[in-house]
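**Student:** Residues 714 to 1045 in the numbering used here are what the sequence shown lists, from first letter to last.
Check each hint, because a few of them may be wrong.
Said to hold, decoys possible - Heads up, simulated DSBU-like pairs for lysine-lysine below, C-alpha to C-alpha not over 30 Å straight-line: (1) Lys-888 / Lys-871; (2) Lys-990 / Lys-919; (3) Lys-888 / Lys-919; (4) Lys-983 / Lys-871; (5) Lys-989 / Lys-919; (6) Lys-968 / Lys-1031; (7) Lys-966 / Lys-1031; (8) Lys-989 / Lys-795; (9) Lys-968 / Lys-983; (10) Lys-966 / Lys-888.
As the list claims (entries may be wrong) - FRET-style restraints, in silico, Cβ to Cβ: (11) Ala-817 / Lys-983: 38 to 46 Å; (12) Pro-1019 / Ser-979: 24 to 32 Å; (13) Gln-874 / Lys-961: 43 to 51 Å; (14) Glu-987 / Asp-955: 31 to 39 Å; (15) Arg-903 / Thr-964: 25 to 33 Å; (16) Gln-874 / Ser-901: 21 to 29 Å; (17) Pro-803 / Ser-901: 23 to 31 Å; (18) Glu-953 / Gly-904: 28 to 36 Å; (19) Ala-817 / Val-1015: 15 to 23 Å; (20) Thr-982 / Ser-960: 33 to 41 Å; (21) Val-1015 / Arg-923: 12 to 20 Å; (22) Lys-966 / Ser-792: 33 to 41 Å; (23) Ala-814 / Glu-930: 51 to 59 Å; (24) Pro-1029 / Glu-920: 23 to 31 Å.
Calculated from the structure, these hints are not laboratory results.
Glycine residues also receive a C-beta, built at the ideal position from the N, C-alpha and C atoms.
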Amino acid sequence: MASAAASNSSLYILGPPSTHYRNKNDFRIYGQFLSLKRKPWTFPSTSVTYQPFPTPNQSSSSITCFATDKPSSSSEISSAAKIRSEVLSPFRSVRMFFYIAFIASGSLGGLIATTRLIGALSNPSRAAEVPEILKGLGIDVGAVSLFAFLYYRENNAKNAQLARLSREESLSNLKLRVDEKRIIPVSSLRGNARLVICAGPESFVKEAFRLSEPFTERLLERGVLVVPFATDGYLPPSFEFDESEESKDITAKRKRLWQLVPVYVSEWTKWLEEQKKLAGVSTESPVYLSLRLDGRVRGSGVGYPPWNAFVAQLPPVKGMWSGLLDGFDGRV
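Build out the structure end to end from the sequences listed, making use of the hints.
**Tutor:** This is the structure we're talking about:
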């Protein structure tokens, strides 16, 4: 390649393994040196497309990244949160509409009563009407104040619910690696798994892994899958499994319980820091979050996940109660 570079003006592109060159305006790059003969400092006017399609001789250890796997924009998350908010509180908009209508009606009545009061005070012959006008004005002011308070409280509850649902939608857009060839968003597991996010230093995650061992089978029966997130590095924690023949079955179940790995660590870190800030928890504190089957946050806390409480509170996702208790997630 060095001799070719000396004799011709070439452009070298460094990518992942197994480069495949299609034409002068389209590249599929997996990673070798690509030599493209061109005149010096001449570039095509059309855009260069990079498509991570696998080639037959691609090694299984290669890592493919998809630009479209990044989280959605905040506007899309807000739209989804609004839809979920309407589903969870279908009559809230109706109540708020009537509150506004009653405020407008009371304000109009108060305005009319005020004009009548001014006229009665300015005309001594109508002095007998003043107590009745004041009574009506007081009723209007009280009604406006009451419905304004109810609207304010309802609007605060709506905003708090939207903020919570927006955070949950942000979480649903974060990515998880299931195996070497499969990356999915958290939302793909809705209705199928109850995720438990275990976030902290690697030593904390490994200790949580050790503490979960006696409950492995019962956690899997309840659809629990753990997301280990080591906050002190960009590499997932390495777990030690018993590979002996006697422990083959339990080892397979433990690998399944702890198989998920966070992808785009910076996005996970940003989301986790926001949750800690809202909860008033120190950024260095190790925490856990447990999710419902529908993706909502069921509970959270500082320290190790309460594996025994999960086993005691959560119903199995299979068996005679499957379907009937799918939406039941125990105490929050």
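**Student:** Now tell me, hint by hint, if it's right for this structure.
**Tutor:** Tested hints:
| no. | hint | in the structure |
| --- | --- | --- |
| 1 | Lys-888 / Lys-871 | holds (28 Å) |
| 2 | Lys-990 / Lys-919 | holds (25 Å) |
| 3 | Lys-888 / Lys-919 | holds (22 Å) |
| 4 | Lys-983 / Lys-871 | holds (24 Å) |
| 5 | Lys-989 / Lys-919 | holds (21 Å) |
| 6 | Lys-968 / Lys-1031 | holds (20 Å) |
| 7 | Lys-966 / Lys-1031 | holds (16 Å) |
| 8 | Lys-989 / Lys-795 | holds (24 Å) |
| 9 | Lys-968 / Lys-983 | holds (27 Å) |
| 10 | Lys-966 / Lys-888 | holds (22 Å) |
| 11 | Ala-817 / Lys-983: 38 to 46 Å | holds (43 Å) |
| 12 | Pro-1019 / Ser-979: 24 to 32 Å | holds (29 Å) |
| 13 | Gln-874 / Lys-961: 43 to 51 Å | holds (47 Å) |
| 14 | Glu-987 / Asp-955: 31 to 39 Å | holds (38 Å) |
| 15 | Arg-903 / Thr-964: 25 to 33 Å | holds (28 Å) |
| 16 | Gln-874 / Ser-901: 21 to 29 Å | holds (24 Å) |
| 17 | Pro-803 / Ser-901: 23 to 31 Å | holds (27 Å) |
| 18 | Glu-953 / Gly-904: 28 to 36 Å | holds (33 Å) |
| 19 | Ala-817 / Val-1015: 15 to 23 Å | violated (47 Å) |
| 20 | Thr-982 / Ser-960: 33 to 41 Å | holds (34 Å) |
| 21 | Val-1015 / Arg-923: 12 to 20 Å | holds (19 Å) |
| 22 | Lys-966 / Ser-792: 33 to 41 Å | holds (39 Å) |
| 23 | Ala-814 / Glu-930: 51 to 59 Å | holds (57 Å) |
| 24 | Pro-1029 / Glu-920: 23 to 31 Å | holds (27 Å) |
Comparing the model with each numbered hint stated earlier shows that hint 19 is the single one that does not hold.
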